[in-house]
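Participant: With the sequences and hints as input, model every part of the structure.
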Amino acid sequence: MITVQCFAHLREQLGQDQITVEKEKLTVKELLKELTDQYAIQTDSLMVAVNEEYAEPEDSVTKGDRVALIPPVSGG
Amino acid sequence: MITVQCFAHLREQLGQDQITVEKEKLTVKELLKELTDQYAIQTDSLMVAVNEEYAEPEDSVTKGDRVALIPPVSGG
Amino acid sequence: MYEVTPDVISIEEVTNKVVRPEAGAIVNFIGTVREFTKGKRTLSLTYEAYPAMAKKQLERIGNEIQGKWPDAKVAIAHRTGKLAISDIAVVIAVSTPHRKDAYEANEYAIERIKQIVPIWKKEKWEDGEEWIGDQLEKTNYPDGKPEEVKAP
Amino acid sequence: MYEVTPDVISIEEVTNKVVRPEAGAIVNFIGTVREFTKGKRTLSLTYEAYPAMAKKQLERIGNEIQGKWPDAKVAIAHRTGKLAISDIAVVIAVSTPHRKDAYEANEYAIERIKQIVPIWKKEKWEDGEEWIGDQLEKTNYPDGKPEEVKAP
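Chains as they are written, first to last, in this note's numbering: chain A, 1 to 76; chain B, 1 to 76; chain C, 1 to 152; chain D, 1 to 152.
Please note: incorrect hints may appear among the correct ones.
[What the hints assert, rightly or not] Computed footprint of chain A on chain C; a stretch qualifies when at least three of its residues, placed anywhere within it, have a C-beta under 8 Å from a C-beta of chain A:
1) 45-54
2) 115-128
[Stated by the list, open to error] Ranges of calculated distance between the beta carbons of each label pair, as one might list FRET restraints:
3) B/E24 - D/N16: 43 to 49 Å
4) A/Y54 - D/E59: 44 to 50 Å
5) D/N16 - B/A40: 56 to 62 Å
6) A/E52 - D/E12: 28 to 34 Å
7) D/E12 - B/K33: 46 to 52 Å
8) D/P6 - A/Q18: 56 to 62 Å
9) C/G128 - A/Q18: 22 to 28 Å
10) B/K29 - C/G39: 23 to 29 Å
11) B/D17 - C/D71: 37 to 43 Å
12) C/G128 - A/D37: 29 to 35 Å
Hints are computed from structural coordinates only; laboratory data are not their basis.
Backbone N, C-alpha and C define an ideal beta-carbon position, used for all residues, glycine too.
Facilitator: Structure, rendered in structure tokens:
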């Protein structure tokens, strides 16, 4: 199982600050597809962070990684 | 008599923080000439302030004005 | 040198981190909560962060600056939680031997913060509240998600 | 808003003068005493001012900024007397609704201070001391007067 942290509007929309995918290993791209199917969220403008770094679509995500969905940021 | 304030290297060179010219009224240009003659100071790079504003060579200086010699500044 | 904190930020404290004998110039950027944006009145802002990653991304910005302005020293603090009008959201301090670099590096830091640091703000107005959606502060998410999102 | 003072300058105090609901950005410039300039070690600096005129010229700079950046609010404090390494000589705070203007107006202020404000610094090194002679910090007066001066 992979746990994915959610923030800001996504957290509010989902009503929870983390969601899960029943996989051991997959690519970022596959992860986003899974999340879209499972949680009906729109992922086009989301970045994925793996272990606190931005990840590319072909990067792999493994159980135990710290994974998060990063909406467009608005700090500063 | 017109009193002229001096600062920085000029003050140290003259050994005093003000000097005087025995005139009632003259132009800035004439004032500088007087000071050169009387105090052996070199005035080429000096500005003259009259009542705390930079003055032009043809501006007039009258007894009672607050007059100062302003070397190139180096604050900041 | 890099902090994401729910506590009030002290300008002096962040600035003191970059004071050093080699520096003659320090430039601070202080982001405060503005009351009016395009005529609309803001009541308060709430900043939410992904703290561990936000700190890491601030460090990355520091490293980028070190690469571009090797003589610069940088400290950044970003606040989270609910802020009132004029409260300080972010302080960036950059010291350099000469001032030009301090201005440039500082401006670079705030631009990059708005691009890559995972912190989000929710604006509260008299008639509602919204998460602000992009780093250029141009897009709102009226229904909680980016406008430009299409079904995948 | 404009101060020439022998007392220690508080960054917070100068900054607080420009905090206001319309502002989202504050940029500070803080000039500190640098230890090394072109390899030469400075022990201390002494700033001398013509205080009444210096204050007036700082106000003039504020007015110039108001003309160029109408939304800017400016506060400036410049210290006088003897300063040690890393002591603060000058603090300029500029607040604006948007940050670009704050950086620009702030940089304009320090440039103008170095041009028109009657404040002079004397640098003390291990092997002597000199009044610094022009606003670009390029000319010393080795014998107490500008090099370029000719007999009138």
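Participant: Which hints, by number, does the structure contradict?
Facilitator: 5 and 10
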